[in-house]
Amino acid sequence: MRWTFGLCAIAVALLSSTTLDSSQRFDQPAPGARSPRNANYEIDVRLEPGDRALHGRERIRWRNISANPTGELQFHLYWNAWRNAESTWLRERRLGGNTTTPRPDAWGWTDIKALRVTQDRNYDLGSSVRFIAPDDGNTADRTVAAVSLPQPVPPNGTVDIDIEWSAKIPRPFARTGYIDDYYFFGQWFPKIGVLEDDGWNTHQFHSGTEFYSDYGVYDVRMTVPRGYVVGASGREVTVSDSSNGTAIHHFHGEDIHDFAWTTSPQFIVLTRMFTHPTLPQVQMRLLLRPEHAGQEARHFDAAVATLRYYGEWFGPYPYGNITIVDPAFQSGSGGMEYPTLFTAGTRWIAPARVLSPESVTVHEAGHQWWYGLVGSNEFEHAWMDEGINQFSEARVDEVAFGTRNFLARRYFGGFIPWVFRDIAVKRQVDEGLAGYRAQAESDAQATPSFRYWPSTGGNITYFKTALWLHTLEKWLGWPTLQRAMSTYFDAWKFRHPEPAEFFQQLNQTAGRDLTPFFDEVYRGSDTFDYGVQTLTSTPAGTGHFRTTVVVRRFGEATFPVDVLTIFSDGSKKTERWDGIERRAIYRYDTKVRARSVQVDPNRVLMLDVNYTNNSRTLQSRASEASLKWSLKWMAWLQDVLLTYAWLV
Amino acid sequence: MVASSWRDGLTRIADAPAVLAGIYFITLVAALPLATAIGFDINEHLGSSLTANEVADSVNYDWWQEFASQGGFLTLTSTFTPSIVGFATTLDSISSLLDKRPIVPAIAFALGFYMFVWVFLQGGILDRYARGRRIGAYGFFAASGIFFLRFVRLGLVAGVAYWFLFAYVHEWLFARWYVNVTRDIAIERTVFYWRVVMYAIFVALLALTTTVLDYAKVRAVVEDRRSMAGALIAAIRFIIRNPGRVVGLYLTNTFLFLAVVGVWALINPGVGGSGASMWAGVLLSQGYILARLIVKLQVLASETALFQRSLAHWGYSAVPLATRPEPPIVEIA
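Which chain is which? The protein sequence lines are A and B, in order.
Letter 606 of the first sequence, counting from 1, is numbered 606 in the numbering used here, and no numbers are missing.
Letter 234 of the second sequence, counting from 1, is numbered 234 in the numbering used here, and no numbers are missing.
FYI, nobody ran anything at the bench for these hints, they're computed from the structure.
Quick caveat: nothing in here was measured; it's all calculated off a predicted structure.
Hints should not be assumed to be uniformly reliable.
[To be verified] Restraint ranges, calculated between C-beta atoms of paired labels, are given here:
id : chain 1 : residue 1 : chain 2 : residue 2 : range
1  : B       : Arg309    : A       : Asp422    : 43 to 51 angstroms
2  : A       : Thr100    : B       : Ala68     : 23 to 31 angstroms
3  : B       : Arg309    : A       : Gly294    : 49 to 57 angstroms
4  : B       : Gly145    : A       : Arg103    : 52 to 60 angstroms
5  : A       : Arg593    : B       : Thr81     : 33 to 41 angstroms
6  : A       : Asn602    : B       : Glu44     : 24 to 32 angstroms
7  : B       : Thr81     : A       : Asn602    : 23 to 31 angstroms
8  : A       : Asn602    : B       : Glu171    : 47 to 55 angstroms
9  : B       : Ile240    : A       : Asp422    : 48 to 56 angstroms
Backbone N, C-alpha and C define an ideal beta-carbon position, used for all residues, glycine too.
Just chain A, with the same shape it has in the complex:
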């Protein structure tokens, strides 16, 4: 019964192995499917809450879609990242500044109990499983396992792999684990790597990067205590009660490249339908924690905004269902994406004028496009999902929720929020300009993401990408960028694009070679900083003024910018500066005095790390501004002094 799935897939695989030749690009949809469906899983897993353990069996029906045969299989065993303190994940976490030693009950691991492959016959390979560390040679790392095959699998050849395993559920690491009676399971099963034309792409688990896997069909049965609610990737097919106080939840998902699930008896289950004149209907299922009852509309509204705007801008969401998980407090599982399921995250006190939980909901729902549907390699090119999605999310935040996006700070251990109702959050703040500015030169974006410096990589992955895409939006215009992104989405959904494919699409749609720009923002780590060096406007004879403007490139990176000079009668002169030389000088003879000058007045270059120096005026109000803000700061200091003076 459990292994009946996939006969059709096998037939399709056998058929296609006879009709495709090895020079063809195999990363194409399987016949009748959206995706290649070359990594298909049937999984039967049992949760043991008492032992905090999982026991599972899985059959992987795998097809070699590369151009070359392989004599080896490689698997991710992600939970082994928390097996010992010397795993690559924990080493990198320490490099990033987190030196906390996990408590004894926090560790997690996966043990393979048996591994058999079926080729011409059934082979027991359990004893030949070995651990490899392709990224750093760390012999203590057990997150990648390999087995040699008795016979190589040719291009388009298939193999069935049966694995039995047990896993100790960790206290939450990397969005997976348990707290109390809440469980979230991500990267929880032995998962086959991605075989590319030049070999296996099976990276170890790194603290700063995520995942990469092939598309397939997932048919999963999860046995949990009766009364526990289950949310999972795909769609629930059946729930059947067992006699021993458990229930089996059967989920099925097609054309997805991962499977995550959660269970807890505490969830409140709510559903709502997304409808749109031109986009397919989507049933939204929200698993809400009881303490957040009343916030369901905020989760649904954010999911609706995502399904609408991402759907209109990039392409429709094809699955028909999506599950939003409101994670438990301290579960560490918030803000994470999985196919057709994601975790949002909110707080007990969530002020209405602050975009939480909206922004995280939009972000994670948005990953259904940039990660779920366009399956880029998150180990190597994390910016292609996180960065593009950060840009998309900030755009939705602005369009859908811009009128109620205000700054808030939290006090008293982070529990008590205070909203600054006169400090609106602009899009560049959502895009992380401050974070990028702080770490702008830490790594070139072209560096494989798993090699970024652990504590600063996020700023390059998320924020730099969002800012350079925003720059492109202002430079090329949104219609052009939107067309490029939707074309790219359509061409690469259910596939694994490389950066070159994205750049090529942008060049093609823009109708110009943007390579110099990509050289700066992707291949380089220089910063952009244009500014005004001098503005003078002095009488030069009767009724005339001589105005001199000197603008400078303070940063190493270059970008064409406008230089706008405004005169006291309101007239304007705009110059187009290619921004390559270190400085440019403009002189004007006019009947009126100049009032101000601005480099990049429309703020096209969102990556400019110092925008304050981009303008200069002859009627400065800096002293007024500094007086105002220093007096405010003084009142704050007086408050601090008085508070501490309580002690004397």
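Place chain B on chain A using the hints.
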């Protein structure tokens, strides 16, 4: 007794406006140099930019982040956060104390100066409130001088007590007990309640310490005690014999503090603009600072009143009032 002492305290503050004015002046002087320094930094960063106009009229959070990025961790610039706006100032400062957040060195210096001045002036303040009549500037500063070294000795004891509370008790409460007890709780509200319990314990311990120190100072001044150990023991004895009154008065003053903070939460000026709007904001915020100072002085004045009423010594102070020596010309005459 509590109500009359509390009212009496307010009367004594009202009768000594110069004390309030002087303390306000000190609070201003302690903050002004650093405020001037950060004002120079802001002015320099804004330069002649158009951003300055926007920042003068309202706020530009983008600029704010850019300015804040100029300084590193624990620099003065790093304190220029949105917490300086409106009611956030109060939340930030109280949260900073209770959460034991690191203090920027320049702020710590200002704080040290401010506390030093308080230690110096408290003798004069208590003497003035204890006598309940004008003592003149000479008498005030003479009393300050008389009690300064005694209060420095008391301050050393207080320093040890606070060091123990912040270094050990706080650590034990928040980094051990709180963490252990909340580690497996998946409901934020429950975790928050635990944090409130920790805050309540810590605040109670701080309040007890400050109360003992306050009454030690009151007894030192009223009874002209030279031994600060004796003053501390006497203060503890007084608190043990009058627990209801001491706690009642402390709670009454706490309500006054909460009322002041509550009003501030309602009327705080926010970002504001420039010109008249800016000055209106300054007036409001300085009014709040003045109100906080009144609360601080009310604690001292009402505690003095309570002690004196308990001993039927209203208006009595054992130390002779210092008087200005007569000028040599008197002898010649």
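*Is the gap between the beta carbons of Arg593(A) and Thr81(B) within 33 to 41 angstroms?*
The hinted range 33 to 41 angstroms holds for Arg593(A) and Thr81(B), with Cβ atoms some 39 angstroms apart.
*Has the hinted range 49 to 57 angstroms been met by the Cβ atoms of Arg309(B) and Gly294(A)?*
Because 52 angstroms falls inside the window, the suggested range holds.
*C-beta pair Gly145(B), Arg103(A): status relative to the range 52 to 60 angstroms that was hinted*: Once the Cβ atoms are compared, 56 angstroms apart, the range 52 to 60 angstroms for Arg103(A) and Gly145(B) holds.
*Determine whether the Cβ-Cβ distance between Thr81(B) and Asn602(A) falls within the hinted range of 23 to 31 angstroms.*
Because 29 angstroms falls inside the window, the suggested range holds.
*Evaluate the given range 23 to 31 angstroms for the C-beta pair formed by Thr100(A) and Ala68(B).*
holds (28 angstroms)
*Is the distance from the Cβ of Arg309(B) to the Cβ of Asp422(A) consistent with 43 to 51 angstroms?*
Because 48 angstroms falls inside the window, the suggested range holds.
*Okay, Asn602(A) versus Glu44(B) on CB: inside 24 to 32 angstroms?*
At roughly 26 angstroms between Cβ atoms, Glu44(B) and Asn602(A) fall inside 24 to 32 angstroms, so the hint holds.
*When you take the CB atoms of Ile240(B) and Asp422(A), is the distance between them in 48 to 56 angstroms?*
Taking Cβ atoms as reference, Ile240(B) and Asp422(A) lie about 50 angstroms apart, which means the hint holds.
*Per the hint of 47 to 55 angstroms, is the separation of the Cβ atoms of Asn602(A) and Glu171(B) within bounds?*
holds (53 angstroms)
Figure legend: structure checked against the earlier numbered hints; every hint is met.
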